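These protein sequence lines map, in sequence, to chains A and B. Read left to right, the first sequence gives residues 29 to 285 (my numbering). Read left to right, the second sequence gives residues 29 to 285 (my numbering).
If you're looking for bench data, these hints aren't it; they were derived computationally from the structure. One thing to keep in mind: the hints can contain errors.
Since the list can't tell identical chains apart, any single copy or any two copies may satisfy a pair.
As the list claims (entries may be wrong) - Okay, derived cross-link-like pairs now, EDC-like style, lysine to aspartate or glutamate, Cα gap no bigger than 20 Å in a straight line: (1) 35 - 57; (2) 281 - 265; (3) 281 - 162; (4) 35 - 240; (5) 281 - 123; (6) 182 - 262; (7) 49 - 164.
None of the values given here were measured: they were computed from a predicted structure.
Protein chains: 2
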Amino acid sequence: MSDYGSKRRHYRGVLTVYGRKPVLEALADPGLACERLHLASSNRRDPILTRILDLAAERGVETRGHSREALARISRNGRQDQGVALDIRCPHFAELGEGLAALAARPATRLLALDGVTNPQNAGMAIRSARAGDIDGILYADRGNPALGPLVIKGSAGTLYGAPLLRCGTVAEGAAACRDAGYTVYTLAAGAPLNLFTAPLAPKTLFVLGGESDGVSPAVQALATEALSVPMAEGVESLNVAVTAALVAYAAKLRGG
Amino acid sequence: MSDYGSKRRHYRGVLTVYGRKPVLEALADPGLACERLHLASSNRRDPILTRILDLAAERGVETRGHSREALARISRNGRQDQGVALDIRCPHFAELGEGLAALAARPATRLLALDGVTNPQNAGMAIRSARAGDIDGILYADRGNPALGPLVIKGSAGTLYGAPLLRCGTVAEGAAACRDAGYTVYTLAAGAPLNLFTAPLAPKTLFVLGGESDGVSPAVQALATEALSVPMAEGVESLNVAVTAALVAYAAKLRGG
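All chains, please: the whole structure from these sequences, using the hints.
Structure representation (structure tokens):
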């Protein structure tokens, strides 16, 4: 494997958290695999930074100094990183292709993708719900999904770190790769004729949930085989995307499966 | 019926919206029964206020002027009302006792209460989910539930106006009234032995969901017969309350209750 491929694989399994409070909280959580602490050389000592350095030393986390500009490239958010970033290894993050290969032998697999969901707290809540309901993988795109920052982590109530994130370039690329790997692509759409709770579903499914305003994008729509709907009482036109994610994730249990 | 009782009954069926943008949006929605527009006499004309007055005139909505202080008593939020409030008749709001009486003849009834849920957007989202999933009534307390203001309306995506809100003093009083009316009170609690999706449930049920940090209060806990849990995958300790509300609403609906 090329050095580039190996670096890319490494990067795909790492979540870089930034900001003093989030970094401190992560270092204080013994369940997280903290790999490397990045600090801006311009940082002034304060009680939180001292505590961060103490915890990193206690845990044996490697610490590196950077220029302010280099740190901003690592955190990808120079305006909010407060000169601190932390690489956390997330054991269930994977490049989509490798994730699909690892899942190939299973007889039934349920994946979830969010298409055009721009609110990071909703994305985080959807991840939390999907994890709770035993979704096997959550497609997460570099372009088209909210950056994996503090608001997604907060929305996920910290469950993001352990989530099976299958990382891809765009949602459409990811959905196409799933289809090529034998998955049936279902979109969720209000008013679609097939009922999520009663329609027969393929054993390998990708459920795509659209954004609150624009729904599923045409590029992803073109890859879908069927549209499913959640039946709703009169007077209600749609559901929050994180709520829909929960119903999709728990649909098997709600069906009595 | 006494004049007091009649006033109270009237008040229980009315939602008072405040702030210029929310009032404008409500007046522009032909589906809403706008009853009375309240304005502070100190208001200066601006384009939004002009539009509000035009819409009220077009729709034949009675308009009343008040002192700034009197308007603050009507809106119950003088800091954010911007001198404008609008009474909207919500056809499915009721005093709890009357609501229970109206539901008494049904063979199966499913009610929902939120106990200690302080985030108004979560409360609104839970109302939206409960309505979508055909919950027959949502207990809503004057003390213990977030004020029915703009954030609840926003969280509910406007579904609050048509929601079957059963209004009571406190959640514990409401739960006690339900129990006295023959309802079985179930709390939702992580790790409870009974599974929401498979446990046999009484035909008349009140599901109580606790707040995100403290769960169900001891006073309500004491009224409950059983605790139900949503099964969750390892590594996830809880679900967002609006997500739990959706699973409760749809679990009941899908059981054919």
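Results for each hint:
1. 35 - 57: Answer is neither: 26 Å inside a copy and 55 Å across each miss the 20 Å cutoff.
2. 281 - 265: between (24 Å within a copy, 17 Å between copies)
3. 281 - 162: both (7 Å within a copy, 19 Å between copies)
4. 35 - 240: Neither way: residue 35 and residue 240 sit 35 Å apart in one copy and 39 Å across, limit 20 Å.
5. 281 - 123: neither (24 Å within a copy, 35 Å between copies)
6. 182 - 262: between (33 Å within a copy, 19 Å between copies)
7. 49 - 164: Result: close neither inside a copy nor across copies, 31 Å intra and 43 Å inter.
In summary, the numbered hints that this structure violates are 1, 4, 5, 7.
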